[in-house]
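*Asks:* Protein sequences, first through last, are from chains V and U. Quick note on numbering: the first sequence equals residues 370 to 798 in my numbering. Quick note on numbering: the second sequence equals residues 579 to 923 in my numbering.
Since the hints were derived computationally from the structure, they do not count as laboratory data. Just to be clear, a hint being listed does not mean it is correct.
What the hints assert, rightly or not - Once the Cα atoms are required to be at most 16 angstroms apart in a straight line, the calculated EDC-like pairs of lysine to aspartate or glutamate come out as:
1. U:K676 x U:E650
2. U:K812 x V:D759
3. V:K523 x V:E492
4. V:K479 x U:D897
5. U:K744 x U:E795
6. U:K771 x U:E801
7. U:K707 x U:E766
8. U:K698 x V:D546
9. U:K627 x V:D527
10. U:K912 x U:D897
11. U:K707 x U:E762
12. U:K834 x V:D534
13. U:K867 x U:E877
14. U:K910 x U:E684
15. U:K912 x U:E877
16. U:K632 x V:D738
17. V:K479 x U:D891
18. U:K732 x U:D796
19. U:K787 x U:E762
20. U:K698 x V:D527
21. U:K834 x V:E532
22. U:K627 x V:D457
23. V:K479 x U:D892
24. U:K834 x V:D445
25. U:K834 x V:E529
26. U:K698 x V:E529
27. U:K627 x U:E878
28. U:K627 x V:D738
29. U:K698 x U:E814
30. U:K716 x U:E766
31. U:K698 x V:E532
32. V:K463 x V:D445
33. U:K646 x U:E672
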Amino acid sequence: MTDTAMTTEAIKQEERQSKIRANLKARHAAEKRFRSYGLVAIGAALLALSTLFFTIISNGASALFQTEVRMTIQLDSTLDPETMRAGDYQILIKKSLRDMFPDVARRDRKDLYAVVSNGAWYELLNHVQANPDLVGQTIEIWLPAADDVDMLMKGYIDRELPESDRRVNDQQIAWIDALVANDAIEKKFNTRLFTSGDSREPELAGFAGAAVGSFYTLLVTLALSFPIGVAAAVYLEEFAPKNKWTDLIEVNINNLAAVPSIVFGLLGLALFLNWFGLPRSAPLVGGMVLTLMTLPTIIIASRASLKSVPPSIREAALGMGASRLQVVGHHVLPLALPGMLTGTIIGMAQALGETAPLLMIGMVAFIADIPGGPTDPATVMPVQIYLWADSPERAFVERTSAAIMALLAFLIAMNLSAVLLRKRFERRW
Amino acid sequence: MRFLSKSLSVAALGVVAFAGAAEARDQIQIVGSSTVFPFATAVAETFGKTSGFKTPVIESTGSGGGLKLFCEGVGVQHPDITNASRRIKSSEVERCAKNGVTDIVEVKVGYDGIVIGNSKASNVLEVSKEQIFLALAKEIPGADGKLIPNPHTKWSDIDSSLPATKIEVLGPPPTSGTRDAFVELAMEGGAKKIKVLADLRKSDKKAFKAVAHSIREDGAFVEAGENDNLIVQKLEANPNAFGIFGFSFLDQNSDKIQGSKVGGTEPTFENIADGKYGVSRSLYFYVKKAHVGVIPGIEEYLAEFTSEGAWGDDGYLADKGLIPMPAEERAKYKKATETLANLTM
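Construct the complete structure from the given sequences, taking the supplied hints into account.
*Replies:* What follows is the structure in structure tokens.
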């Protein structure tokens, strides 16, 4: 009797174990599958990222160089830099080109002049005005080549195509080849890209104006959003009573973080431009609009970092007789600050990449001058990228990618500093 | 905490201090059409470099958006000049007048052709405006003259001379002036040639416009955004697709894309300039007379824009893709800028 009971029990046990074993296999397989899904997801993300980087860098790297032509310019002693106008410099450049190619027929001269940039005279003017003692000498100067010539030198224009399909004609190619043979045309590092403002001539365009505009805009955003955001977070977290009003405010702040940024632009247009009468296209207004946009991010991050400070610290300070302001000012805030700064930097990085709210307040504009202060008209880096991407000239394609590279570099630097700050100052309890 | 309250008050002070900055402006402000934008910016840049004035700020807001801002009133917070890829409407003139903008100087800049182009990997398309309408309209007259949803899926469904490829046209969205002009010139122009619709036009102009101006929404016409460059890049990738964009983009990308012949005429510089190419429009800008003399440099900017070196046959705007007006028309508008003659509708 007991034997049979034992055996049935043993059989049952055996059955159960084999079930578990079979099940275990399935469970292990499920885990393996899940892991591989995760790996595939990470792989896909990395692939997308590396494709993005690869296309941008391979498109943009050539923009770091610009074709320049070595010109010999005769500055006669009769010239007076004080009274010389644009046309006078253009004549000097044209004369130099004619001297290089004396046999060019009159009707072909327009094509010859088109080898050098339209705006080369401006660089000559600046050079002469900076060195007035050059008058009376024959100088050698490297001036930018036209964008089409630059594209040809970089291999973006196919020489094999029929002449009518190219923006550079056979004769111009012959002249360029002659210049190459004389070492009078060369690709040089494109400093203009980093030091000039915007231009309609790709060879003269740079993103310095936009970078300075971004700097002023972010400066205003930081000066406004950090103190306001931190003060709001400290009040809500440390002082405010917990009732339905503060709940309502909290829900609203969370909602604001998800509002599309163009809405903040509309608000800025109505409030700052139409009501306060602030100037259009100014980084000041841009910064104020972006403040509205980043405030929820900063408040939420700051509150989270205040929450992570253990209550025991507050209680200990209170127990030692500190006032609540002293508790917050001397103990809680310093401990929560790294987290707050991280949130702020991420908010700033977000603001740096924003264009939509700036559209409404006139910062999506062609602005050639580099702004000198937060009330001067200015544009920002992402807007510059957008404007270049929309320009018909082929040479803007590589410059667009170069500007994206610069913007990405700024963003990476900002995010990296957020990570470092966290690593350096974060405390765990 | 002290740091916080300090920076708070500094920021608040700063905002108050800057609020007064709007009073003076020494820089021309220009808004308006994205089609005129590349030309106006080229003039502004040259003006800034040669005149000693600050370079004007130019926003690309679209023709309608620009005129709206322009007509909001007189004063430094309102723009001085607006660019338009169509003529100002009488309703806009009224709106302007209501806000005190009564004296407006109209300047025609030149012409722009609208191109239907495709990749050089395919053949050049030869279409008539009527065929464009039949390919892209939402509703077309059926065999019995009643309107039916556009049944054409291939170009060859319309006419056997056209290629047997799917109708796939990339074009700008309804907010774009290029789209407005395309609809008005190509679609409406084509619709007029169809007997049933021409009759409808006589009896009920509104109903005719509704038919002629509606572009199909079944996927044959793809709205590709305001960015003409993007359309050009997509054409390169898809040899069967056609795109609608401004002439300057064809001019800059002539190695990769080609313009279709419309009504037997190729979209070339010469054909658009002498009016042979049917899908072209005039470009304008409008100047607020009350600001001339108040904002420094407006007169000089006008002089730069209307100089032969800029808008002439060999000027730098022609290099940018603008199609210049004939010499006598240029002289007429140059005079208008010198005398600041008022706009007459």
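*Asks:* Are the Cα atoms of K627 of chain U and D457 of chain V separated by 16 angstroms or less?
*Replies:* OK: K627 of chain U and D457 of chain V at ~14 angstroms, within 16 angstroms.
*Asks:* Just to be careful, I want the Cα atoms of K744 of chain U and E795 of chain U compared with a cutoff of 16 angstroms; is the pair within it?
*Replies:* Holds - the C-alpha atoms of E795 of chain U and K744 of chain U are around 15 angstroms apart, at most 16 angstroms.
*Asks:* Is the hinted pair K867 of chain U and E877 of chain U satisfied, with a Cα-Cα distance of at most 16 angstroms?
*Replies:* 10 angstroms, holds
*Asks:* Starting from K787 of chain U, check that the Cα of E762 of chain U is at most 16 angstroms away, please.
*Replies:* 9 angstroms, holds
*Asks:* Hey, K523 of chain V versus E492 of chain V, does the alpha-carbon distance stay inside 16 angstroms?
*Replies:* Since the Cα atoms of K523 of chain V and E492 of chain V sit roughly 23 angstroms apart, the hinted pair is violated (cutoff 16 angstroms).
*Asks:* Just to be careful, I want the Cα atoms of K463 of chain V and D445 of chain V compared with a cutoff of 16 angstroms; is the pair within it?
*Replies:* 15 angstroms, holds
*Asks:* Does K834 of chain U pair with E532 of chain V here, judged by a C-alpha cut-off of 16 angstroms?
*Replies:* 13 angstroms, holds
*Asks:* Is the straight-line distance between the alpha-carbon of K676 of chain U and that of E650 of chain U 16 angstroms or less?
*Replies:* Cα-Cα ~9 angstroms, so holds.
*Asks:* Does the alpha-carbon distance linking K627 of chain U and D738 of chain V stay inside the 16 angstroms limit?
*Replies:* 10 angstroms, holds
*Asks:* Taking only the CA atoms, is the gap from K912 of chain U to E877 of chain U under or equal to 16 angstroms?
*Replies:* 12 angstroms, holds
*Asks:* For the pair we were handed, K632 of chain U and D738 of chain V, check the Cα-Cα distance against 16 angstroms.
*Replies:* OK: K632 of chain U and D738 of chain V at ~8 angstroms, within 16 angstroms.
*Asks:* Please work out if K812 of chain U and D759 of chain V have their alpha carbons no farther apart than 16 angstroms.
*Replies:* Since the Cα atoms of K812 of chain U and D759 of chain V sit roughly 14 angstroms apart, the hinted pair holds (cutoff 16 angstroms).
In this structure, the earlier hints numbered 3, 6, 8, 9, 10, 24 are contradicted, and the remaining ones agree with it.
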